[in-house]
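> Which chain is which? The protein sequence lines are A and B, in order.
Quick note: to get our numbering, add 40 to the position in the first sequence (first position is 1).
Quick note: to get our numbering, add 40 to the position in the second sequence (first position is 1).
In short, the hints are calculated from the structure, not lab data.
The reader is advised that the hints may include incorrect statements.
Because identical chains share one entry, a pair is satisfied inside a single copy or across any pair of copies.
Below 25 Å or equal to it, Euclidean Cα-Cα: the simulated SDA-like pairs (lysine to any residue) are [as the list claims (entries may be wrong)]:
(1) 316 to 176
(2) 313 to 228
(3) 296 to 178
(4) 120 to 293
(5) 161 to 376
(6) 285 to 316
(7) 344 to 260
Protein chains: 2
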Amino acid sequence: MLKIVVDAMGGDNAPAEIVKGAIQALGERKDFSVVLTGDKEAIGAELGKLSYDQSRVEVVHCTEVITNDDIPTSAVRSKKDSSLVVGMNLLKTDPDVGGFVSAGSTGAVLTGGIMLVGRIKGVMRPALCPALPNSRGEQTLLCDCGANAECKPAYLAQFGIMASAYAKAAFGVKNPRVGLLTNGTEEHKGDTLHQEAHQLMKQLGCINFVGNIEGRDIMYGDVDVAVADGFSGNVALKSMEGCGKLVSTILSKELKASIWSKIGCLFLLKRLKNIKNSLDYSRFGGSVFLGLKKVVVKSHGSSKARSISCSVVQAVDAYRNNLIGTIEEMLSVTDLSGAKDA
Amino acid sequence: MLKIVVDAMGGDNAPAEIVKGAIQALGERKDFSVVLTGDKEAIGAELGKLSYDQSRVEVVHCTEVITNDDIPTSAVRSKKDSSLVVGMNLLKTDPDVGGFVSAGSTGAVLTGGIMLVGRIKGVMRPALCPALPNSRGEQTLLCDCGANAECKPAYLAQFGIMASAYAKAAFGVKNPRVGLLTNGTEEHKGDTLHQEAHQLMKQLGCINFVGNIEGRDIMYGDVDVAVADGFSGNVALKSMEGCGKLVSTILSKELKASIWSKIGCLFLLKRLKNIKNSLDYSRFGGSVFLGLKKVVVKSHGSSKARSISCSVVQAVDAYRNNLIGTIEEMLSVTDLSGAKDA
């Protein structure tokens with residue numbers, strides 16, 4: 041049976057919300073089991089509060105935890121009995137394990153992914169790829185959103201290929217439209233990196249490159265994939281997050297401001313719920329770390345049970361939809377070795 | 041009397057909304073007049089629909105218009121009788137003219153600003169600086185948001201100085217907190233450019249540098265000034281714009297979805313208006329082009345009368361609050377000549 045490993049100790053709300061989320065996911069998809077890595081006692085205490093099919097849950101005890109204060113490279117090397125390292129080693133060695141989910145330190149997930157799980161042959165730089173809601177009611181994939189602060193044109197081209205494979209495999213998009221995130225839509229826009237990446241991506245036969253896009257186009261939904269260097273992709277992602285938070289702060293303040301507004305809200309209960317759901321991007325799960333030999337999902341550090349559940353489901357689906365195979369296939373028909381600085 | 045020149049032909053809604061906005065601004069501030077540059081007849085037709093004090097409005101006829109399809113540098117050189125070039129020349133030569141407002145081509149405003157108005161002595165690169173609403177109900181200045189796609193560390197340091205001067209002069213912030221927009225808050229985060237800029241800004245005595253910030257911090261409001269290279273600043277600005285648009289699309293759809301939701305809205309009329317106002321950043325005017333010898337405000341291309349009015353008021357206030365002098369003063373006490381690549 042397919043197994044998904046969940047790092048029960050990673051994230052602000054570990055282990056309670058992580059364990060709860062992993063168990064919730066069992067109800068969403070059949071025929072898979074979860075392996076929880078972490079402190080046996082702490083996990084057991086959380087499991088004790090829940091009802092679930094015991095044949096679908098396994099706990100692997102570890103004594104260490106990697107935190108945000110650890111230096112990723114040395115932590116992955118030295119904390120060999122941490123929930124993250126043990127989990128990733130299971131992912132690497134156990135053929136039944138199809139995916140790994142962690143809400144822990146992003147740096148450690150990235151480092152561990154590359155050092156322990158390893159890259160698909162030909163991948164220059166793995167990249168983080170979340171799915172974001174857009175105004176068409178669909179999703180836009182943003183790749184890279186933070187794994188690679190410093191990029192070369194060929195990396196960006198490869199992000200476009202890997203995220204296209206993800207859009208096809210996970211979301212069933214037939215011919216994903218790929219845009220390059222810059223500071224304007226005209227072809228000459230951007231710095232040297234993005235100008236060169238544009239020319240390179242234009243020549244790729246294996247992706248449907250539609251040209252440069254601006255930050256606002258990510259959420260407008262005119263593309264399925266927004267390719268970004270990890271620096272500005274991260275800036276885009278977090279700027280949208282900040283804007284969402286501002287809106288929700290203002291909404292919440294105003295809707296509770298008077299007795300009249302509270303009465304108004306009673307008429308709007310269903311609508312407010314719809315609004316919340318439309319904007320809640322945790323329904324897409326976490327960011328997939330594209331380019332690794334196996335499925336790794338990085339869930340938000342502040343993830344609660346629902347986000348974790350979505351991330352586990354995302355890992356199950358990515359495995360079953362052959363995400364890794366699709367990336368390998370698309371990469372195999374592309375030769376970027378001639379690209380400058382590739 | 042102080043004069044503000046308004047490019048009546050620039051922007052998607054020119055000349056109607058531009059003329060209307062300029063006239064509205066006359067009601068907001070006393071003791072200044074507007075000079076409208078553009079086609080005399082078209083402007084006259086719009087003025088004819090409005091009632092205003094004729095002694096405070098002047099029209100300077102020009103026969104040409106610079107559009108978004110023009111190449112900025114050649115357009116500024118060749119279209120000498122365009123509303124933008126004529127306006128900027130007035131700004132440069134007429135000592136009574138304190139500011140210039142345009143909703144026209146950003147590229148042409150930037151090129152014209154540098155070529156015709158000129159830089160303050162010591163300014164390496166002028167930068168675009170909008171004010172954005174934050175969750176404290178105040179404003180965060182984002183500098184640069186698009187004038188310089190390719191930057192050097194010393195440029196970023198200077199953006200911090202100029203935007204601090206702007207926060208002091210225009211918003212009365214005593215000791216503006218300056219953050220550097222990167223992909224994480226830790227000191228080592230970012231690419232080489234931002235790592236070097238961080239070290240440089242840390243050493244500047246004239247600004248209150250608080251360290252690296254992330255995209256979400258722009259709207260959280262923990263800083264008064266967010267310093268960015270023009271590429272990622274533009275990505276941040278437009279990503280927030282896209283997010284705002286998505287939210288407003290969803291809100292509008294849901295609130296009109298049923299008879300019950302429409303009834304609910306009746307109870308919420310005042311609240312919905314407050315929400316709209318809180319998020320409407322056009323109340324701050326446009327982006328000031330910091331580093332020029334005179335006040336230049338770039339209003340959004342899609343500006344309607346209200347935005348233009350706010351931009352004109354912004355220009356009046358920036359002039360009266362001695363924005364240019366404050367920038368000159370802060371620059372005069374800073375020596376960036378030793379910075380790498382300065």
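> Hints first: check each against the structure and report whether it holds.
Hints, verified against the model:
For a Cα distance limit of 25 Å, the shortest separation of residue 316 from residue 176 qualifies both inside one copy, at 16 Å, and across copies, at 22 Å. Proximity of residue 313 and residue 228 under a CA criterion of 25 Å is satisfied in neither setting, with 43 Å inside one chain copy and 40 Å between copies. Only between protomers do residue 296 and residue 178 lie at most 25 Å apart by alpha-carbon distance; the minimum there is 21 Å, versus 31 Å within a single protomer. Proximity of residue 120 and residue 293 under a CA criterion of 25 Å is satisfied in neither setting, with 47 Å inside one chain copy and 52 Å between copies.
Proximity of residue 161 to residue 376 under the C-alpha cut-off of 25 Å is restricted to the intra-copy arrangement: shortest distance 13 Å within a copy versus 46 Å between copies. In the homo-oligomer, the alpha carbons of residue 285 and residue 316 lie at most 25 Å apart both inside one protomer (12 Å) and across protomers (15 Å), since each shortest distance falls under that limit. Taking the shortest Cα distances, residue 344 and residue 260 sit within 25 Å of each other only across copies (22 Å), while inside one copy they are farther apart (27 Å).
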